[in-house]
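Chains A and B, in that order, are what the protein sequence lines are.
Heads up: the first sequence runs through residues 1 to 128, numbered per this note's numbering.
Heads up: the second sequence runs through residues 129 to 629, numbered per this note's numbering.
These aren't lab readings, by the way, just hints derived from the structure by calculation.
Remember, it's a predicted structure, so these values are computed and weren't measured experimentally.
Idealized CB from N, CA, C, for every residue including glycine.
A hint or two may mislead.
[What the hints assert, rightly or not] Okay, the calculated bits of chain B under chain A, using three or more residues with CB under 8 Å as the criterion:
#1 174-185
#2 213-223
[What the hints assert, rightly or not] Computed from the model, here is a short list of chain A residues facing chain B with C-beta under 10 Å:
#3 ALA33
#4 VAL40
#5 ALA60
[As the list claims (entries may be wrong)] So the derived label-pair ranges between C-beta atoms look like this:
#6 LEU72/A / VAL527/B: 55 to 63 Å
#7 ALA44/A / ALA198/B: 29 to 37 Å
#8 GLU423/B / PRO96/A: 49 to 57 Å
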Amino acid sequence: MVAVAGALGVLVASFLPWGRSGGASRTSYELVAAAGRLEVVSGAVAVGVRGWYLVPFLVACTWLAAARRRLLVTATLSALVGSAAVALAVAVKASPVGAETGTSVALVAGATALIGAARSAWEHRRQS
Amino acid sequence: MTDTPPGGPQESSPVEGQSPSPYVRWETGGSGRGVGASRSRLVGMGVGLVALVGAGVFSVTMLSAASGSATAEAAVERLFGAVGEEDVIGVLEALAPGERSALRPVEDLADELRRLGIVSDDFDLGAVGGVDLQFDDLTFETEELGPGVAAVHITGGTVTSSTDPQQLPIGPTLRKLLGHFDAEPDFEATTTTEDLAADAPMIVALDEGDGWHASWSYTVAEGMRREAGEPVPAFGDGVEAAGADSPEAAVRQAVEAAVDLDARRLIGLVSPSEAAALHDYAPLFLDDAEAAVAELRAEVPYEVDVTHLDLSSETDGDVAQVRLGGFEASGTVPGLGRFSVSYDGDCFTFEADVEADTICAGDLPQSGFGGADTQMVVTTVRDDGQWYLSPTRTLFQQVLGALRALDRDDLEDPESLFGPFFGPGLGSAFAEGGDFVEGPGNGTSLFEGTPAPDAAVPGDAELLGEECFGVFEDLPPTAGPEDYERAEKEVDDCLDDLWDD
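Using the sequences plus the hints, can you model the full thing?
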C-alpha cells in the first residue's frame, strides 16, 4: 500500500541525519529535542513539535490498521504522519541549521504518505 | 506499486454489490492460497504489534529523557566535544538551561554583524571558518563542591588549534577598515598543540534535576573564589531570589535598591536561573560590601529620593523590555548641597546649589549612532511567576540597539561615526592616507596624522593629543631604541596630563 510505504519511508527518514551544526549531524529526534531545550519553539508549537516523538508509534499503528484493512484509519494516520514529516522537513530546511539528507527523504516519503492517504480514503469511500 | 496490505494478500470476499477493491483482486486464489495469506496476515499483525510496543517505549523514552548528562564529567566532555565540532547547538545544549536561554540573542548579534559587513555574508555560528580546535585524549577528575555542584578538572589531554587567516569570516566593511590601518591579517596559517594538563583548567557542572550541564557562570565564580582563597559557599543557601510582580516593579525595586546601595536586594532581583552563581557565591563578599557601604554612609551622609519613575514595558512570553521614559530624583550630597535631577525621555536636567545644566539628545554630537534608541531599556525575565532583571539579555539588547542604528556606510566612514565624539583628528586618522610609523627595534606602531584630501579641518590634521607626539619629530635620525622608549614615556605622560585636564 502506498500509504504504508510512505509512512515507513517517513520512519526511516526520521532516523537519518536532518541537520548539521558545525561537524555534528542530528537525527530528526535530536533536532526536535534541541529545539525544545533551546526554546526555539514555545507554546502550542512546542507541544506539536514534541509530538514528532510519536511518529514511530503512529507508523506502527498505520501498519496495523492496514493489516486489519481499516482503510479510513490507515488514511488518517498516514495523512498525519505525512503532513508532520513534510511540515517538519520544510521548517528545518528554512531554519539556519544546515539541512541534510533526512529532510529530503522525509519530504518525498511524506508526500508519498499523503498520496497514499488520499488513495486509501478514496478506496474507503468507494467501498462504503 | 502493488496494493498489498502489510501481512500479504487478504482472503476475505468482496462485499456484495460493491465493486472489487484492490485487495479483493488478490483474493481469488484457491483455499490453500487463502490459508497462506491468512498466515501472512497474522505475521504482519504480529510484526505490527511488536513494532507498536517498541515504538511506544521509544516515544515515552524520548518524551521523558533528561536534557543533561548522566555525570558531571560527561557534561564537560559533551561541552568539549561540541566545541571541537564547532557545534553551536551542542555547546548551548551542554550549558545550564538558564545560561543558554540568556545567550539566545547571540544569533541576532550575528545577523547584525553580517548585515553590517563586519563578518562575511556566509558567516555561520555553526562553522566559523579559519579557526579549528581539536581536543584529544581528555581525562577528567571530579571534585564535588556541594549537592548538584561539581568542579571537573581537566587532568590530561591536548588541544590542537589551527588558524588560517585567509579563511577567517572577515566581512567587506571590516576588511576595508583594516585596510585603512594597513592592518589586514597577513600572518600565515598556524597550528599549535598544547598540553591541557599544564594549566589544569576547571569547569563547574550543575545538576538541577534534569541531568548535568556545564555552567560558565559557576566556573567564573568558582575560579574567583579559589583566587580569593574563600571557603566553598553553601550552595542553595545564598542570597534568596525575590522577584517582583511585574517587569516595571522589578526595575523600580532595582532602582530603589541601587539608590540605597542595597547590594543584597539588588542581587535578589537578578534572575536566579540566569545568575544562580551570583546568588550562591554572593555571601562570600556581601558582608564586606555591606560593611563598606555602612562605613561610606557614616563618612559621607547623603540622601537621595527617586520621586518619579516613568516605566513602560513590552512583554513577549517570559521576557519583557522595560523602557525608562523619565524620572525625577532629588536629595542632599555633601559638597553639592541640595540637588535635583530629572529626565523626560529627551533631556537631562540637573540643578544644584552650585550649578545647573540641561543636556538634551539633540545637544549630543551627531554621529552614525544618531539613530540609536537613546531610551534606557532593561530586559526582565519571568521565573516561577516572578519578574527579575536579566543582565546578560540587557547587555545584548543595548549592543543590538546600537548596531541596528548603523549601516555599512556609517562604518565605512568612521569620521562621521566617531569624529563627533573624539574630534576631527580621529576622523583623519581613519581617513585614507593615514600611515603608521614603526619605531625601530621595539615594533611600536604610532599613527602619523596625514591630512585626508577632504579633511574638514583647516591646515594639518589635528590628531587628538597631537602635540604630545611632537617629541618623536625631535628625535635625531641616529636615535636608538632607548631614545624611542624615552620618547614614548614622554608621550604617555603628556597624554595622561591631557586626560587629567
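If you check each hint against the structure, which ones fail? Violated hints: none; all satisfied.
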